[in-house]
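Novice: Listed below, chain by chain, are the residues.
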Amino acid sequence: MFKSNPQWDNAPFEGEVKIPSGCAVSAIIDRGGRPMTGEKVIRSIATMHDRSNGLGGGFAGYGIYPDYKEYYAFHLFYNDFQAKKETEDFLLRHFEIVYSSEMKTRKVKSIVNEPLIYRYFLSPLSKRLANSLLDEERYVVKCVNAINAGIDGAFVFSSGKNMGIFKGVGYPEDIGKFYLLDEEYEGYAWTAHGRYPTNTPGWWGGAHPFGLLDYSIVHNGEISSYDANRRYIEMYGYKCTLQTDTEVITYVIDYLIRVKKLTLQEVAKVISASFWSTIEEKSEEDRREETFLRKAFPSLLITGPFSIIFGFNGGIMALNDRLKLRSMVCAEKGDLAFISSEECGIRVIEPELDKIFSPAGGQPVIYTLKEGRV
Amino acid sequence: MNIYIPPEYEVVRDGSRCIECRVCERQCANEVHKYDGDLKMMISDSTKCVNCHRCVCLCPTHALKIVKSEDTYRQNSNWGAQTMNEVYRQANSGGVLLSSMGNPNDYPVYFNKILVNASQVTNPSIDPLREPMETQVFLGKKEVEIKRDISGRIVDTLSPQLSLKMPVMFSAMSYGSISYNAHEALARAAEELGIYYNTGEGGLHKDFYKYGKNTIVQVASGRFGVHAQYLEAAAAIEIKMGQGAKPGIGGHLPGMKISDDVSRTRMIPKGVDAISPAPHHDIYSIEDLRQLIYTLKEATDYKKPIIVKVAAVHNVAAIASGIARSGADIIAIDGFRGGSGATPTRIRDNVGIPIELALAQVDERLRQEGIRENVSIVVAGSIHSSADVVKAIALGADACYIGTAALLALGCHLCRSCHTGKCNWGIATQRPDLVKRLNPDIGYKRLVNLLTAWNHEIQEMMGGMGINSIEALRSNRLMLRGVGLNETELRILGIHHAGESM
Numbered sequence: 001m002f003k004s005n006p007q008w009d010n011a012p013f014e015g016e017v018k019i020p021s022g023c024a025v026s027a028i029i030d031r032g033g034r035p036m037t038g039e040k041v042i043r044s045i046a047t048m049h050d051r052s053n054g055l056g057g058g059f060a061g062y063g064i065y066p067d068y069k070e071y072y073a074f075h076l077f078y079n080d081f082q083a084k085k086e087t088e089d090f091l092l093r094h095f096e097i098v099y100s101s102e103m104k105t106r107k108v109k110s111i112v113n114e115p116l117i118y119r120y121f122l123s124p125l126s127k128r129l130a131n132s133l134l135d136e137e138r139y140v141v142k143c144v145n146a147i148n149a150g151i152d153g154a155f156v157f158s159s160g161k162n163m164g165i166f167k168g169v170g171y172p173e174d175i176g177k178f179y180l181l182d183e184e185y186e187g188y189a190w191t192a193h194g195r196y197p198t199n200t201p202g203w204w205g206g207a208h209p210f211g212l213l214d215y216s217i218v219h220n221g222e223i224s225s226y227d228a229n230r231r232y233i234e235m236y237g238y239k240c241t242l243q244t245d246t247e248v249i250t251y252v253i254d255y256l257i258r259v260k261k262l263t264l265q266e267v268a269k270v271i272s273a274s275f276w277s278t279i280e281e282k283s284e285e286d287r288r289e290e291t292f293l294r295k296a297f298p299s300l301l302i303t304g305p306f307s308i309i310f311g312f313n314g315g316i317m318a319l320n321d322r323l324k325l326r327s328m329v330c331a332e333k334g335d336l337a338f339i340s341s342e343e344c345g346i347r348v349i350e351p352e353l354d355k356i357f358s359p360a361g362g363q364p365v366i367y368t369l370k371e372g373r374v
Numbered sequence: 375m376n377i378y379i380p381p382e383y384e385v386v387r388d389g390s391r392c393i394e395c396r397v398c399e400r401q402c403a404n405e406v407h408k409y410d411g412d413l414k415m416m417i418s419d420s421t422k423c424v425n426c427h428r429c430v431c432l433c434p435t436h437a438l439k440i441v442k443s444e445d446t447y448r449q450n451s452n453w454g455a456q457t458m459n460e461v462y463r464q465a466n467s468g469g470v471l472l473s474s475m476g477n478p479n480d481y482p483v484y485f486n487k488i489l490v491n492a493s494q495v496t497n498p499s500i501d502p503l504r505e506p507m508e509t510q511v512f513l514g515k516k517e518v519e520i521k522r523d524i525s526g527r528i529v530d531t532l533s534p535q536l537s538l539k540m541p542v543m544f545s546a547m548s549y550g551s552i553s554y555n556a557h558e559a560l561a562r563a564a565e566e567l568g569i570y571y572n573t574g575e576g577g578l579h580k581d582f583y584k585y586g587k588n589t590i591v592q593v594a595s596g597r598f599g600v601h602a603q604y605l606e607a608a609a610a611i612e613i614k615m616g617q618g619a620k621p622g623i624g625g626h627l628p629g630m631k632i633s634d635d636v637s638r639t640r641m642i643p644k645g646v647d648a649i650s651p652a653p654h655h656d657i658y659s660i661e662d663l664r665q666l667i668y669t670l671k672e673a674t675d676y677k678k679p680i681i682v683k684v685a686a687v688h689n690v691a692a693i694a695s696g697i698a699r700s701g702a703d704i705i706a707i708d709g710f711r712g713g714s715g716a717t718p719t720r721i722r723d724n725v726g727i728p729i730e731l732a733l734a735q736v737d738e739r740l741r742q743e744g745i746r747e748n749v750s751i752v753v754a755g756s757i758h759s760s761a762d763v764v765k766a767i768a769l770g771a772d773a774c775y776i777g778t779a780a781l782l783a784l785g786c787h788l789c790r791s792c793h794t795g796k797c798n799w800g801i802a803t804q805r806p807d808l809v810k811r812l813n814p815d816i817g818y819k820r821l822v823n824l825l826t827a828w829n830h831e832i833q834e835m836m837g838g839m840g841i842n843s844i845e846a847l848r849s850n851r852l853m854l855r856g857v858g859l860n861e862t863e864l865r866i867l868g869i870h871h872a873g874e875s876m
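Line by line, the protein sequences give chains A and B. The working numbering applies: residue 1 is where the first sequence begins, and numbers increase by one. The working numbering applies: residue 375 is where the second sequence begins, and numbers increase by one.
Since the hints were made in silico from the structure, they are not lab data. Careful: at least some of the hints might be erroneous.
Non-contacting residues of chain A with respect to chain B, defined by C-beta distances greater than 10 Å in every case (computed) [claimed, not checked]: (1) L180; (2) E183; (3) F357.
Pairs of lysine-lysine residues, derived as DSS-like cross-links and limited to a Cα-Cα distance of at most 25 Å, are as follows [to be verified]: (4) B:K539 <-> A:K282; (5) B:K671 <-> A:K295; (6) A:K142 <-> A:K69; (7) A:K260 <-> B:K521; (8) B:K539 <-> A:K295; (9) A:K142 <-> A:K260; (10) A:K295 <-> B:K587; (11) B:K521 <-> A:K282; (12) B:K521 <-> A:K261; (13) A:K295 <-> B:K521; (14) B:K796 <-> B:K644; (15) B:K644 <-> A:K295.
Bear in mind that the values here come from a model prediction, so they are computed numbers and not experimental data. Even glycine gets a Cβ: it sits at the ideal position worked out from N, Cα and C.
The following block holds chain B by itself, in its conformation from the complex (with noise of 0.2 Å):
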């Protein structure tokens, strides 16, 4: 017996406006809208609905809306109606609950709860329409011995770095999860941005070789799509080792999302499910860790920076001071609100720790450790604007990874339904009618818009704090106060509370 759990959003047509022109129908992949011919109107079905906003989009006369249910369970402030229903349907199901998307929970922000100094008086701010605002970095490891040749004349000894024109890159999100489109549209706008986009765990299509020094290609533990070209074809190869919507646990591609040209790109079976390892096998400790790094720099003549990612967890700091000795070149680090195509519900919504937290423990056990040099650190996990930029970088970031923000970009209404795979905006799904919605030239544009925009706006807040380049930012939390935080926040986070002087 199967309990009828009621939609948590509505469906409202206003009739007055509604010209059954049926385009709702037909862009609805769940099949919500639907002409009556008796009727002779269109009818919704709200339990199908997931509340993408397609339909609101789409709609030539604005006659749609989604509101949230008034349907009500008896009020209680102890067991909410989505707890009740996730009950429900497991006891429908005996499932695992699936979800996507990073953690929606109501656990702090602290990225909000930061705010940023500006420059008057003492020490004058700097405009950025008149002078130069530096915002390329270079990731990668900065410890050097100075050597010279007979000339006297520094030589250039340093490991390989990444170069970005701005410290944002678009993060891992492999092809399967996400459309073909939709990797067209990150790997073009990485190369005009000069930044870089990063494959996932998915493999890299054929096509999409061309863009190869804008490319971060991924090795995570299920191995899916790894060959000597796709190494070479990178500019710079990510192992991952974890993941913030789902510390401890491996990827999961649901079998309808893999297609031919998935299944080919990953070099695995149509149709099945694709579940990566929770660790990878050949990784049981770190000194395992640095014996693939080698063999990951091995495998491309040392040319290339290996990033290792993890998920931001309770001893992340110990974790990433071992990294940072294990010849890795850069550590990325994803907070417990980083996204996913498709994550156990409690894992998501359970596990892990704020990446602001997070990314604040590791720079300062690095420099207590003195080898924050050894390793450039990238930070994941919901960097909702330029505003987050800065303050990451202040924290003690290199660069950011963005995830969300550049799905949002290319029309994601966040439903957090793309473990169904039937991604109205053609982003999450390999459905070939859902995925030519997505359009790569549009979709690109989208993108480099959304960074240039951001670029412009962390310039503007590096101006009004006199520092104008980027790695000036870098760790300097004196420019950075709490606001509605304790002491041991303040404590954590390394910084003073809003009011306190310099």
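One chain only, chain A, in its complex shape (with noise of 0.2 Å):
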């Protein structure tokens, strides 16, 4: 798989070594649903620079292709024109490819070697779909790992409808100029991430967000429950192949909303408890609720540090580790709402707030689109 720097070919690729980063968040969602550029992200997480060490940033963005938002957008990285080809021969057997092109970029001086990058709208060949015995959304999701996993220089890392993730190695600021976020696309709701890896593999892949159809994860932080939480979630037909935290957590959110049907505040629940001390304390609806979901999922409790953001369509979630190990700051300003990893990356886009606070450990905060809104 591709690496965007030839000196570092001795190290080892990500998810053959497991590789704690510290990180910066941010978000930013227009509740009302007006469209909004990436530049406004763009400038949070870049005030957040130290934060990032360069060997990775990216974005998601939610609205962006309400053209195509229809179809699922399949963003690749070929390593070569031979993986290209083959991606796109599987890609033919499995969907109508209704739009494609090369992904516009621009050249920013600090981004170098970057991989081909590809943009694909699509639709599952219904025929190929009712052969599989498959829901629409796991048919695809089998196809992005038949990709990721079977073809050689080829990796998918986006694959939601009307959204799409822009990643790479480099600061995020530089990476969100690479990608035009500034110009080129508009959307309700932005989530950002710059990486600070402990080492270098400098993979275009490995950069955050991680995405699941419309889901997406950014993530600052290591978790200590990762293999308890990893062999849980790959009883299910999950496999984590990348070795990162962001990866085994949005399985894990995906299982329980896809699957186990919880909301978002159930979710919250069940990877960040509450210590049954407070449990103890809670009226008896929910401490009832709060008991049955701990003893329900106790493998998928998540330990040690997080702040994560969690995409989807219609909405954003902050959430922190039980013990708020992380900083993780909320602010509103009318129909806006913001979330980021520092206080700074809000003010310097919304220096007036209507309301800024720290959510505690474990208390999920919730931003959703008004009703009838896209």
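Quick one: dock chain against chain with the hints and give me the complex.
Specialist: Okay, structure coming up:
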């Protein structure tokens, strides 16, 4: 798989070793559904420059493909044209390709050795889908996994509808410019990530956000429950190939929402559960519910420091670990809502706020579009 | 003709310290010590000594010690003294050799070759003195379909669960193999600690029904003491299919330990050896086990988790997989080091596999098959310390059973003579004069102390790993590294070697 700098050729790939990272995260949403470019979120994450080390940056934008919102938007990294050909053959066998093009990028001095980057809008071939006996989403996920695991030199890094992930090796503000997020795209919500990994795989696919269909996660932290979570979730058809916390957290949330049909609030009570002593003090109904969730999903409790921003079609959720071992601030101004590792990441784009607060450990903050928007 | 077998240990008395108070004489049920009126001094017969250290501990002037005898056969690396003695004993008696407690031989202890991780720099350790550090666990089937009431709130549809304040329970030790006072100490300690003790296959003494909510009752192949109230009294029911000290054979309680009370509790005749059958004669296959599980569930209205206890043998993973699909809520696995009150020596010392390997394989197999959440896993068979508990949980256990460690807390010195029924510490005996030496008021406090200390240590180690809840440690094998293990051992344990990164 592609590495951005040949001098790192001896370093292991993402997925071959587990790489702890510190990071910065940021997000903005217009709950009124008004579109905005990525310019604001780039400024926000750029302010926290020192929380990244130039080895990974990325963004997710929601509502950015209104003209193709019925189609799965695949973003792909290719090492070479051979990988591209193989992948496109695969895509043709499984999807109708409604539109495809090379990703528009601009040259940025600090962004070097970029892979080939392509975008496809896809619709599953109905016969193929019917024969697979899978629901449509599972079918798409399976195809994504088949490409990522099976085709050497190809990596799908975004696969949702009406949203897109843009990422690479570099400082996030440079990555944002590289993809022209400040000009080319307008969405109602953006999340951003600047990475501070503790070694240098320098692989574009390893940058964040991590995506699964329209779900995206940016994450700051290093979870201590990783292997317990991984070994649980792998029982249910997920395969953690990247060995990143972000990957396993995404799968955990996907499993709880899509398979177990939990609400976001309930998901938070599983992965960032209250302490038993706190649960004891709650109302009887809450106590019953939270006790049940902890008893039923003990292996999906996530411990160790994390602050995550979970993006989905229609909203974003901020969540800290139960001890709040990573900083994270939320704020609101009219329809706009902000989440950031540090307050400066919010103030730089909106100095005057209606409300600003630090959510407690384990307390989810969910911002969604007002009803009827988008 | 009986060949004289020299004692392995010798009693050594420091005459300058001995005050001839005769405590040693009164304390020794083996009649090692006696006062010689002619010589006007205490004398000792080392051939009767089992090296239980009762006299050493109680001698007010510390005049006694037990040393390894220097008497030796001609040195032989192939035929050791014990091997030769066993041949002599069998030639003398024509009998099967009996032993007690766990396999003492020099096999690897894998727990001692596993090291635990700690957090630094990229991830903070957590201080259990200042932050909550949760060691509470629930045992039982976790797999559940989410159901909601009309208002959309989740309904609790979980199978019955055992709630443990810490992930350790007292292992099955029957009334009969151990004393009334030992049972009382275990029951009261379990109650105070918020955990469970296990009756073993000897029934439940009527005095102890009041500890029912902290009691696991056992149903073994002999069905000793099993009746409706017995099942009703308990928090959970354990079907004993096997025992680590004696895979493949049933229990054996020597007749001299079957007192009136034991006889009543077990519902068997007094003074006659109680030998439970090797298999359950209504379970010749996995589908039969399922029937017994559901029989017990029916009998108790599906309100109690059913545990199936098996010995760790070569195909334990496949067996566990079968059990996990048979309605059991918890699987207990007992490793080849597991203890026993009486076991044929050859079985104890040669049958079964180490618990660490069995656990790793069972956990992995159940995950491969996607049924790990159908059951909880409890492991036993020489859990020596809190560190072993931490390692077992990281390998994939939900909780551990301790037997030997609990008996040590009560005073046991591992002389491994339980089958003689003359335990000087009042534990593995039914002789009233010996039983009363174990004060349950003190005994239960010592058990509480032991596990309270272990719980603190578990919390310290968890905090070091940056884990503040025990469920995040379970099966978290990245927290473990092997040291001095070969590739095969590492593969079976599912861990990396020390020095390999995450």
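Novice: Hint by hint, note whether the structure agrees.
Specialist: Now for the hints, and whether the structure bears them out:
Listed as a non-interface residue, L180 (chain A) keeps its Cβ farther than 10 Å from every Cβ of chain B; the least gap is roughly 33 Å. Distance check on E183 (chain A): its Cβ is at least 36 Å (rounded) from any Cβ of chain B, clearing the 10 Å threshold; non-interface status holds. Every beta carbon of chain B lies more than 10 Å from that of F357 (chain A), the smallest distance being close to 22 Å; the non-interface claim holds. For the proposed pair K539 (chain B) and K282 (chain A), the alpha carbon gap of about 20 Å is at most 25 Å, so the pair holds.
About 21 Å separates the Cα atoms of K671 (chain B) and K295 (chain A), which keeps this hinted pair within 25 Å; it holds. Proximity of K142 (chain A) to K69 (chain A) is assessed by CA-CA distance (about 21 Å); at most 25 Å being required, the pair is judged to hold. With a CA separation close to 10 Å, the supplied pair K260 (chain A) and K521 (chain B) stays within the 25 Å bound. Simply put, K539 (chain B) and K295 (chain A) have alpha-carbon atoms about 14 Å apart, close enough for the 25 Å limit, and the pair holds.
Pair hint K142 (chain A) plus K260 (chain A) holds up; C-alpha atoms about 19 Å apart against a cutoff of 25 Å. Under the criterion of a C-alpha separation no larger than 25 Å, the hint pairing K295 (chain A) with K587 (chain B) is consistent with the structure, at around 19 Å. Using a Cα cut-off of 25 Å, the hinted pair K521 (chain B) and K282 (chain A) holds, with the two alpha carbons roughly 22 Å apart. Between K521 (chain B) and K261 (chain A), the direct Cα distance comes to roughly 10 Å. Compliance with the 25 Å bound is thereby established for this hinted pair.
Restraint check for K295 (chain A) and K521 (chain B): satisfied, since their Cα atoms lie roughly 15 Å apart, inside the 25 Å limit. Distance check on the hinted pair: K796 (chain B) and K644 (chain B) sit about 17 Å apart at the alpha-carbon level, within 25 Å; holds. Distance restraint check for K644 (chain B) and K295 (chain A): the Cα-Cα separation of roughly 45 Å exceeds the 25 Å cut-off, and the hinted pair is therefore not satisfied.
The structure fails hint 15 only (numbered hints given earlier).
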